[in-house]
Structure formats: C-alpha cells, structure tokens
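Novice: Sequence:
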Amino acid sequence: MTQTMKIAFQGEPGANSHIAISDAYPTAEAMPCATFEDALSAISSGEADLGMIPIENSVAGRVADIHHLLPTSKLFIVGEWFLPIRHQLVAVPGAKLEDIKTVESHVHALGQCRRIIRKFGLKPIVAGDTAGSARVVAQRGDKSCAAIASRLAAQIYGLDILAEDIEDEAHNTTRFVVLAREPRWAAQGSGQLVTTFVFRVRNLPAALYKALGGFATNGVNMTKLESYMVDGNFFATQFYADVEGHPEDRGLAFALDELKFFSREFRIVGVYPGHPFRATFSER
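Under numbering that gives the first Met the number 0, read the sequence shown as residues 0 to 283, first letter to last.
Worth flagging that the hints you see were computed from the coordinates, not collected in a lab.
A virtual CB, placed ideally from N, CA and C, is assigned to each residue, including glycine.
Don't take every hint at face value.
Straight-line distance between alpha carbons at most 16 Å, and here's what the computed EDC-like set of lysine to aspartate or glutamate pairs gives [as the list claims (entries may be wrong)]: (1) 209 x 257; (2) 95 x 55; (3) 118 x 98; (4) 5 x 37; (5) 73 x 48; (6) 95 x 141; (7) 95 x 163; (8) 122 x 98; (9) 259 x 247; (10) 5 x 22; (11) 118 x 97; (12) 118 x 167; (13) 73 x 36; (14) 142 x 98; (15) 118 x 55; (16) 5 x 28; (17) 223 x 243; (18) 223 x 37; (19) 142 x 97; (20) 73 x 181.
Derived Cβ-Cβ restraints for the label pairs, each shown as a range [what the hints assert, rightly or not]: (21) 276 x 26: 20 to 26 Å; (22) 220 x 92: 38 to 44 Å; (23) 138 x 243: 28 to 34 Å; (24) 216 x 159: 40 to 46 Å; (25) 236 x 3: 40 to 46 Å; (26) 159 x 57: 26 to 32 Å.
Construct the complete structure from the given sequences, taking the supplied hints into account.
Specialist: Printed below as a string of structure tokens:
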C-alpha cells in the first residue's frame with residue numbers, strides 16, 4: 000500500500016501555501032504548522048516528507064524569516080512553485096458589503112488590498128495569517144466583521160465572498176520553495192535549472208566584488224542575491240543567491256570556484272528545475 004506524501008506548510012487550512020501544495024502535488028496531504036520553525040522541524044524529523052515554504056512575493060518582497068531559517072535548517076531545496084495570489088473579501092453568510100466595519104488578515108494581505116479597504120472605509124486589523132482570519136470571522140459570527148482570505152479558506156470555513164480578487168496589483172505572485180531532508184540535484188542538461196547557494200565572504204577589501212566577478216565573466220545569470228546579518232552581528236553578513244544553470248556546467252563551475260576562493264563559507268542549498276513562470280521574467 001502506497002503511503003500518502005505529507006507536505007508541511009506554515010499557516011492554517013486554506014492558506015495560500017495550502018493552495019500551492021494542492022496545485023503542485025494534488026495527491027499529497029497538506030500538513031498545517033503554526034510557525035515556519037514548526038514546518039521546518041516537521042520536515043527534519045520525518046513527520047513530513049516535504050515542505051512548501053514561501054520565500055518571496057512580487058509585492059511584499061522577501062519573506063525574511065525564511066532567509067534566516069533556511070541556511071541553518073540543513074534542509075535542501077528540491078523544487079519551486081509560483082502562485083498568483085488572489086484575495087477575497089469574505090464574511091459570514093447573509094452579511095452585505097454595507098454591513099462590514101472591520102477587516103482582518105495577515106499584514107501583507109492588508110497591505111496588498113489597500114484600495115478596497117479605503118474605498119469602503121474599513122478598519123484593518125492585523126492577524127496571524129489569512130486563513131486563520133477567515134476561521135476567526137466564521138467563529139465570531141458577526142456580520143460587521145470581514146476577512147481577506149483565499150477562495151479555499153472561504154469554502155473551508157463556510158463564508159460568503161463579498162468581493163472577488165481585491166488585490167491592488169494583478170501581478171501579485173508568491174514564489175515558494177519545496178524543501179526536503181536530502182539533496183536531490185536535478186540532472187545536468189534536463190532543462191532550465193536553478194542553483195541556490197549561501198556564502199559568506201572573507202574579510203578582505205572588495206571581497207564581495209571579487210567573489211561575484213566570476214559570474215559576469217563566465218556569462219552566468221544571477222536571478223537573486225539577498226544579504227542578511229548573522230546572529231545580529233553588523234559585520235557578519237551572509238548571502239543567499241539563485242543562479243541559472245547546473246554546478247557542473249562549465250561557466251557556472253568556474254564562477255563557483257572563484258566565489259569559493261574569496262569565501263569563508265559556501266554551501267549549495269539546491270539544484271532544481273526552474274518553474275515555467277520564470278519565462279515571464281524577461282524585461283519588456
């Protein structure tokens with residue numbers, strides 16, 4: 000008998016991470032976790048087979064918690080998924096738009112729906128996540144309270160959708176990474192690939208400039224570079240990067256050799272297929 004794959008996510012049933020799991024792995028069991036730490040722990044312990052974790056959003060930017068947690072988690076990226084985010088204004092059955100006085104949701108969701116909040120003069124209330132807000136509104140049963148959540152959350156908690164697709168920006172998209180306990184490098188030459196790695200440069204003049212020079216001279220496209228402090232130390236900076244290609248490709252191999260020479264720490268976090276959504280990255 001084949002055991003159903005479990006995929007951990009942060010949030011409550013109906014969260015956007017839950018939707019990403021349903022889209023990417025339709026037969027998997029989504030496993031809700033209260034925090035990102037809990038989700039990563041579930042993967043590490045074997046309680047979950049994989050994790051679906053948001054890492055950046057086209058409107059809100061990076062998910063800072065993950066950039067700090069991922070390098071120390073000892074987990075590996077084995078895939079990615081891009082999910083267009085569609086927010087719904089939801090309330091208890093029978094409520095009308097003119098009844099609504101307050102709207103609650105995750106701070107990012109509230110920020111991504113400012114226009115409709117202003118239009119109807121609603122009081123925004125920051126909550127832990129979108130799906131949790133929908134659950135609370137359903138339990139409260141107050142027709143003056145609404146939440147910003149997904150269609151799935153409205154369905155799960157028995158809420159009506161009072162206004163559809165209320166996000167300010169149509170391009171609102173979240174990128175998720177799929178995490179596993181063991182590395183699963185995609186095969187070289189198997190299509191568009193992404194290599195993700197973290198590194199810390201040596202304390203030398205122009206070390207970062209020299210470390211990254213090899214990517215330019217070898218024609219490697221770097222699609223993401225993030226920096227953040229390590230352990231609250233202003234002078235200890237770690238970098239997270241995504242590049243196109245496989246580490247055994249000639250150009251990327253040379254670039255990584257040069258990077259390692261000027262780095263005190265270096266680790267490849269994953270080599271995985273690029274999602275088809277990347278085809279939309281080209282500048283117009």
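Novice: If a hint holds in the structure, say so; if it does not, say that too.
Specialist: Comparing the hints with the structure gives:
1. 209 x 257: 8 Å, holds
2. 95 x 55: 34 Å, violated
3. 118 x 98: 14 Å, holds
4. 5 x 37: Roughly 14 Å separates the two Cα atoms, so the pair holds.
5. 73 x 48: 15 Å, holds
6. 95 x 141: Holds, at roughly 12 Å.
7. 95 x 163: Judged against 16 Å, a Cα distance of about 14 Å means the pair holds.
8. 122 x 98: With a Cα-Cα distance of about 13 Å, the restraint between residue 122 and residue 98 holds, given a limit of 16 Å.
9. 259 x 247: OK: residue 259 and residue 247 at ~15 Å, within 16 Å.
10. 5 x 22: 14 Å, holds
11. 118 x 97: 12 Å, holds
12. 118 x 167: 12 Å, holds
13. 73 x 36: 13 Å, holds
14. 142 x 98: 6 Å, holds
15. 118 x 55: Status violated; Cα separation ~28 Å.
16. 5 x 28: The given pair, whose Cα atoms are some 5 Å apart, holds under the 16 Å limit.
17. 223 x 243: 10 Å, holds
18. 223 x 37: Violated, at roughly 26 Å.
19. 142 x 97: 10 Å, holds
20. 73 x 181: 9 Å, holds
21. 276 x 26: 20 to 26 Å: 22 Å, holds
22. 220 x 92: 38 to 44 Å: Between residue 220 and residue 92, where Cβ atoms are some 50 Å apart, the hint is violated.
23. 138 x 243: 28 to 34 Å: Taking Cβ atoms as reference, residue 138 and residue 243 lie about 47 Å apart, which means the hint is violated.
24. 216 x 159: 40 to 46 Å: 58 Å, violated
25. 236 x 3: 40 to 46 Å: For residue 3 against residue 236, whose Cβ atoms are near 42 Å apart, the range 40 to 46 Å holds.
26. 159 x 57: 26 to 32 Å: The hint (26 to 32 Å, Cβ to Cβ) holds, given that residue 159 and residue 57 are roughly 28 Å apart.
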